[in-house]
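Student: All chains, please: the whole structure from these sequences, using the hints.
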Amino acid sequence: MSEDLSSKLLGPIKLHLRVTWESQDSEIKEYIEEGIAYIDGICGESDYSVSGLPRILLKAYCRRAWSGNTSMFEEDYRRQLLRLQHENGVRRLRRKRNE
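Start counting the sequence shown at 1; every next residue gets the next number (the UniProt record's numbering).
Since the hints were derived computationally from the structure, they do not count as laboratory data.
Straight-line alpha carbon distances no greater than 25 Å define the calculated DSS-like cross-link-like pairs of lysine-lysine that follow:
#: 1; residue 1: Lys8; residue 2: Lys59
#: 2; residue 1: Lys14; residue 2: Lys29
#: 3; residue 1: Lys14; residue 2: Lys59
#: 4; residue 1: Lys8; residue 2: Lys29
#: 5; residue 1: Lys29; residue 2: Lys59
Between beta-carbon pairs, the in silico distance windows are:
#: 6; residue 1: Arg91; residue 2: Ser23; range: 36 to 42 Å
#: 7; residue 1: Ser67; residue 2: Arg97; range: 40 to 46 Å
#: 8; residue 1: Asn69; residue 2: Arg94; range: 32 to 38 Å
#: 9; residue 1: Gly44; residue 2: Asp4; range: 16 to 22 Å
#: 10; residue 1: Trp21; residue 2: Asn98; range: 42 to 48 Å
#: 11; residue 1: His86; residue 2: Lys8; range: 25 to 31 Å
#: 12; residue 1: Asp76; residue 2: Asp40; range: 15 to 21 Å
#: 13; residue 1: Gln24; residue 2: Arg97; range: 42 to 48 Å
#: 14; residue 1: Arg94; residue 2: Trp21; range: 41 to 47 Å
No experiment lies behind these values; they were computed from the predicted model shown. Glycine residues also receive a C-beta, built at the ideal position from the N, C-alpha and C atoms.
Tutor: Next up, the structure:
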């Protein structure tokens, strides 16, 4: 993941976490990178740069990471993760057909 993306997402994620200070920005960026790797590992490559299901899931993951409990994330968000997995699969198929 690029540093630009985690920097771009830092503001919206901090707003979601209600964090106004900057001293933990690097920790939050780490959560963002972890979350993207985790979600992409389950659902395939997703676009987090725009509002939508990938960003909603990333915010939820970061909220869990911020509170120190990501262990139940996959179970609690199973339906949303499956939906994103299907959306990404359909997008890949459409791209292949257009090639």
